[in-house]
Amino acid sequence: MQLSERDFEKLFKEHFVSITIYSRKIVQDTDTAKDLAHRSFVKVWEKRETLPPESNLKALLYRIAHNLSINYIRDQKKYTTDETLPLFESENSDADNDIVASELEAAIVDTIKHMPEKSREVFILSRYQKLTNPKISEKLGISIKTVEAHITSALKLLRKKIFGKEKKT
Amino acid sequence: MDNVDLKIPEISDLKLLDIDTDAEWDKLAGELGFHRKAKILRFDVMLKIAAAVLIILATTVFIMHNNESETQTFAAIDTPIETIVEHSTAISVNRNSSVTCSNSKDKFCVNLKGEAYFDVEKNPERTFEICTQDVKVIVHGTSFNVCQKANATTVTVTSGIVEVVSPKDGKSVKITKDEELTYTAKEGFVVKKINNYNTIAWKLKEFKFNNTELGDIMQQLSQAYGFEYKFEDIESANYRISGTFSNQSLTSIINIINKTLDETNIIQTPEGGYAVVKR
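Line by line, the protein sequences give chains X and Y. Residues 1 to 169 (my numbering) make up the first sequence, in order. Residues 1 to 279 (my numbering) make up the second sequence, in order.
Looking at chain X on its own, in the form it has when it is part of the complex (with noise of 0.2 Å):
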């Protein structure tokens, strides 16, 4: 199929970050899941040309990123006898459900990005370092109050990102 470097840099910048975070649901490791990702977007570009007309690219990534991730895993066992690296078990175990879970993780990486910088890092602080909300005004020295009102606007624009409305109250 034909497919332009500006096209190709699209699809790339659209799905990196949610092909990524789906290796990485394989591997368990994001640098791992980060190299697999672009390596599977490697291989999309050198097939380019051997592709049918209308495919699905965006399917394409992910069973190459799947394969990918696998293998990653199956070659690791052999060198080890580590126990904790995680168990891939069926082939196609719930390889839909993972897609659509990581297309939501990547939006919601998206928004808190894009977040104002004070209200992405309190809600940071607050959501996945778990400090308390008198804990995160101390540290940074604002008020509790605002601790609060930055909390709820990152929430009130996740939803609004996420669920594409907001919560009525």
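Don't read these hints as lab results, they were simulated from the structure. Virtual Cβ for every residue (Gly too), placed ideally from N, Cα, C.
Now the stretches of chain Y that chain X is said to cover, found in silico as 3 or more residues with beta-carbon under 8 Å:
| no. | segment |
| --- | --- |
| 1 | 14-21 |
| 2 | 238-252 |
In the SDA-like style, the derived pairs of lysine to any residue whose C-alpha atoms are separated by at most 25 Å in a straight line are:
| no. | chain 1 | residue 1 | chain 2 | residue 2 |
| --- | --- | --- | --- | --- |
| 3 | Y | LYS177 | X | GLY164 |
| 4 | X | LYS161 | Y | PHE108 |
| 5 | X | LYS10 | Y | ALA90 |
| 6 | Y | LYS278 | Y | ASP262 |
| 7 | Y | LYS192 | Y | GLY215 |
| 8 | X | LYS156 | Y | ASP18 |
| 9 | Y | LYS193 | Y | LYS205 |
| 10 | X | LYS43 | X | LEU11 |
| 11 | Y | LYS259 | Y | ARG279 |
| 12 | X | LYS13 | X | ASN97 |
| 13 | X | LYS160 | Y | ILE138 |
| 14 | Y | LYS27 | X | GLN28 |
| 15 | Y | LYS205 | X | ASP7 |
| 16 | X | LYS113 | Y | THR79 |
| 17 | Y | LYS107 | Y | GLU86 |
| 18 | X | LYS47 | Y | ILE267 |
| 19 | Y | LYS15 | X | ASN97 |
| 20 | X | LYS118 | Y | THR21 |
| 21 | X | LYS118 | Y | LYS107 |
| 22 | X | LYS156 | Y | ILE19 |
| 23 | Y | LYS278 | X | GLU49 |
| 24 | Y | LYS168 | Y | ASP106 |
| 25 | X | LYS161 | Y | ASP178 |
| 26 | Y | LYS122 | X | ILE162 |
| 27 | X | LYS43 | Y | GLY272 |
| 28 | X | LYS118 | X | LYS135 |
| 29 | X | LYS160 | X | GLU121 |
| 30 | X | LYS58 | X | GLN28 |
| 31 | X | LYS113 | Y | SER143 |
| 32 | X | LYS43 | Y | ASP26 |
| 33 | Y | LYS177 | Y | ASN195 |
| 34 | X | LYS156 | Y | ASP13 |
| 35 | Y | LYS27 | X | TYR72 |
| 36 | Y | LYS27 | X | ASP7 |
| 37 | Y | LYS15 | X | LEU11 |
| 38 | X | LYS135 | Y | ASP13 |
| 39 | X | LYS130 | X | GLU148 |
| 40 | X | LYS10 | Y | ALA29 |
Assemble the complex: chain X is given as a structure, and chain Y must be docked to it using the hints.
Just chain Y, lined up with the frame of chain X:
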């Protein structure tokens, strides 16, 4: 706090927030041997300087802080960008366009050069205004597109109501969903009903063609995706096509159009544009 119960899924690793997609793309583009083409920029000198800085930084966003007057500028060079201001008002800035936001107690003011799409959060305490060189647009919680090009400003509303004011004589016009207003110094305000949003497909990613001439289709696609095109088979510009494309890549739209054409073909040119040729 009514927010605590909201089920927003966790993200699996905070490292994901550090992924810089533009930088990753540059890495891949380098690996695959894509060469960066020189971009033709059509805006004023200040932005050209910004663009130069940008290309060096290999990013498409330019944000400028000015502490004294609290202004922020967002400029998109080669791809549209999206930014959030004022809690949850989303502004998408089209390529070769910029917005400068300034904030005061009772007003949030945006200065627009080029084209942008706004999804404005309702806020009764502060008005949200957009100024182009021709008109002022007053907003009360709606979604709409503003495009200022060659001495004309076009406002396209996709939800709610927008008020457009001419600073010259203070005349104002209110327009609503499915209406498009164009302002030129010569003709003043002209409002027309529209039945598709093809002109703002750069943002909505949706095209509706209803017995539309191929010439118009190519023009709309080239605007939305930013490419050059030429008709080598002049006659084919009159062919009419109907169809709806939603969230599809340019390549797949072109492929589908090609299937409906018997004697002509749209092919990619070595320069990255498209040409319409006889089969």
